[in-house]
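Let's have the full structure, built from the sequences with the hints guiding it.
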Amino acid sequence: MSASPNEFELAAQAKPLSLPRQFLLFLMENKKWWLLPIVLILGAVGILALFAGTGAAPFIYTMF
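Residue numbers (numbering that gives the first Met the number 0): 0 to 63.
Hints were generated in silico from the structure; no laboratory data involved.
Computed Cβ-Cβ distance ranges for the label pairs, DEER-style: (1) ILE46 x ALA2: 48 to 56 Å; (2) GLN12 x ILE59: 41 to 49 Å; (3) SER3 x LEU47: 48 to 56 Å; (4) ALA43 x ALA11: 34 to 42 Å; (5) ALA10 x GLY54: 46 to 54 Å.
Where a beta carbon is used, it is the ideal one built from N, C-alpha and C, also for glycine.
Below you can see the structure in the form of structure tokens.
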């Protein structure tokens with residue numbers, strides 16, 4: 000084995016990226032910006048569904 004670490008070994012020692020950071024890097028590197036509105040809308044619908052099952056449901060329904 001060589002004494003100096005190669006690029007692969009250096010990458011293995013690096014701190015792992017968070018999921019949002021990985022997704023942002025994916026969008027930038029692959030130029031898939033059309034995915035961003037889809038993910039944001041799905042997230043908003045998920046949050047709305049989460050709150051619809053709680054005591055906040057009457058307040059959410061009055062907004063629509």
